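Going line by line, the protein sequences match chains A and B.
When you line the first sequence up against the numbering used here, it's residues 1 to 241, in that order.
When you line the second sequence up against the numbering used here, it's residues 1 to 241, in that order.
Where hints are given, some of them may not hold.
Partial selection, computed: residues in chain A whose CB lies under 7 Å from chain B [unchecked claim]:
id, residue
1, Ala24
2, Val26
3, Lys50
4, Thr134
5, Ser135
6, Gln138
7, Gln145
8, Ala148
9, Ile149
10, Tyr152
11, Pro198
12, Asp199
Simulated from the structure, these hints should not be mistaken for lab results.
Computed from a predicted model, the values in this text were never measured in an experiment.
All C-beta atoms, glycine included, are put in the ideal place defined by N, C-alpha and C.
Protein chains: 2
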Amino acid sequence: MGEEVGFVLYKPRLADNVGGVARALVNFGFSRLAIADPATWHFDPRSAVKAEHVLEKAYMALTLDEAIGPYAWVCGTTSRKIRRRPAISPRELGEEAARRMAAGASICVVLGSENHGLTDEDLERCDAICRIDTSLEQPSINLAQAAAILAYELRQGLKLPRPPRELAVAATREEVDRLVASTREALLGAGFLNPQQPDKILGELRRLLVRGEPTKREVELLTAAAKQVQRTVVPTPRRSE
Amino acid sequence: MGEEVGFVLYKPRLADNVGGVARALVNFGFSRLAIADPATWHFDPRSAVKAEHVLEKAYMALTLDEAIGPYAWVCGTTSRKIRRRPAISPRELGEEAARRMAAGASICVVLGSENHGLTDEDLERCDAICRIDTSLEQPSINLAQAAAILAYELRQGLKLPRPPRELAVAATREEVDRLVASTREALLGAGFLNPQQPDKILGELRRLLVRGEPTKREVELLTAAAKQVQRTVVPTPRRSE
Chain A
1 MGEEVGFVLY KPRLADNVGG VARALVNFGF SRLAIADPAT WHFDPRSAVK AEHVLEKAYM
61 ALTLDEAIGP YAWVCGTTSR KIRRRPAISP RELGEEAARR MAAGASICVV LGSENHGLTD
121 EDLERCDAIC RIDTSLEQPS INLAQAAAIL AYELRQGLKL PRPPRELAVA ATREEVDRLV
181 ASTREALLGA GFLNPQQPDK ILGELRRLLV RGEPTKREVE LLTAAAKQVQ RTVVPTPRRS
241 E
Chain B
1 MGEEVGFVLY KPRLADNVGG VARALVNFGF SRLAIADPAT WHFDPRSAVK AEHVLEKAYM
61 ALTLDEAIGP YAWVCGTTSR KIRRRPAISP RELGEEAARR MAAGASICVV LGSENHGLTD
121 EDLERCDAIC RIDTSLEQPS INLAQAAAIL AYELRQGLKL PRPPRELAVA ATREEVDRLV
181 ASTREALLGA GFLNPQQPDK ILGELRRLLV RGEPTKREVE LLTAAAKQVQ RTVVPTPRRS
241 E
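Next up, chain A with everything else stripped away, as it sits in the complex (with noise of 0.2 Å):
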């Protein structure tokens, strides 16, 4: 099981923390990693007990789009309370990724580095985010042992019985940014997105178009929507606000 999860560790410190992190994966029965940005490239194989396979394997990214660009969903972690976005449990976001993963979709669980985790800009990026209820006294949990906690409640959640997998395949991330990006065309022509900030607004859109899991073929019908709408909007002054 499990080969349509993939953890993504967007800019680690420390290669000790990447060992543990692959081992917990493999402990759960999962493989596909991919660490993007990293402090070192130098992976020392022994903290990976029995998951140097894994760190072999490991796809290497220069950014965080890229690493997470394969994926349907995509969930962002965080010990940080985001302002209007509301955070799913450990045990929430395994069953989440079942359901998901039952519908055809793969998912991916983005963890940052260890001294600051992911930015709100870094988050804004993700489709859902988990938090781990921790502790005022201590909320940050450490990079290998939060890997652990979700490998495993995702291994929870894929043990839960699940309803016969249905036959659209879902678009992935890198499809939706072209429809987003499409969008963003069409949208900024017809005079409805602000210049100067057209990103906040196609964020919630996003956030909405994820929410109600997108196939593939309705992602290509709605970018092909797009690109026909800034071939024909003719230019006209943003309404003011």
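For this one, chain A is given, so just place chain B on it according to the hints.
Quick look at chain B alone, frame taken from chain A:
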């Protein structure tokens, strides 16, 4: 919360892991740690980020029994399947611990050494066994990561609504030990136990007793009864089998 939950590390070998366990305890609101018969007494507080106080006040025990003595209910952990003893999951451990604590019991979780975990003999000293379900490929979880998962589930369990605390005080391990010792003498005296191997049957009786969640008073009564039997039995030849 959590003052009635303790963690026991039995024969840990790596100071980093001990620090990692301490950090995970504080992450999830716990702080009672006992370290029994470790390979090193030099723990680097740097690995116990914001949990240095847990290491500093950790109870240093020479034996497993000394470390678990103060608790009413002791759950050992293992990645192995143990013959004839069903294991509970971490989630069940969280729920069971919360239920027993609501009834006034203190509980502790024992983790074994990094290389072999707890032996069958160590697990015999535990009232229950918890097994974290892992993949066959790499069943062995890093000590600090296993502690993180267990502390996480204990916190989840303690967040569940609980019935009001009952007035009866649960017997501690040490009190149960004294009862078992008196029972051993009484049943050996009565010719019921095989003097060559009394502890197998006693272990079963003990587990039955602990399942019943005895109060201090009940254990005192039974101990007095066993002592009275000791004094009054006339040695008889053991029944042949």
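Each hint tested on the structure:
1. Ala24: Status holds, d = 6 Å.
2. Val26: holds, 4 Å
3. Lys50: holds, 4 Å
4. Thr134: This interface hint holds because 5 Å falls under the 7 Å limit.
5. Ser135: holds, 4 Å
6. Gln138: holds, 4 Å
7. Gln145: Since chain B brings a Cβ to about 4 Å from Gln145 of chain A, closer than 7 Å, the hint holds.
8. Ala148: Nearest chain B Cβ about 4 Å off; hint holds.
9. Ile149: At 5 Å from the nearest chain B Cβ, Ile149 of chain A passes the 7 Å test, so the hint holds.
10. Tyr152: holds, 5 Å
11. Pro198: It is violated, given that the least Cβ distance between Pro198 of chain A and chain B is near 39 Å, above 7 Å.
12. Asp199: violated, 34 Å
When the structure is compared with the earlier hints, violations turn up for hints 11 and 12 and for no others.
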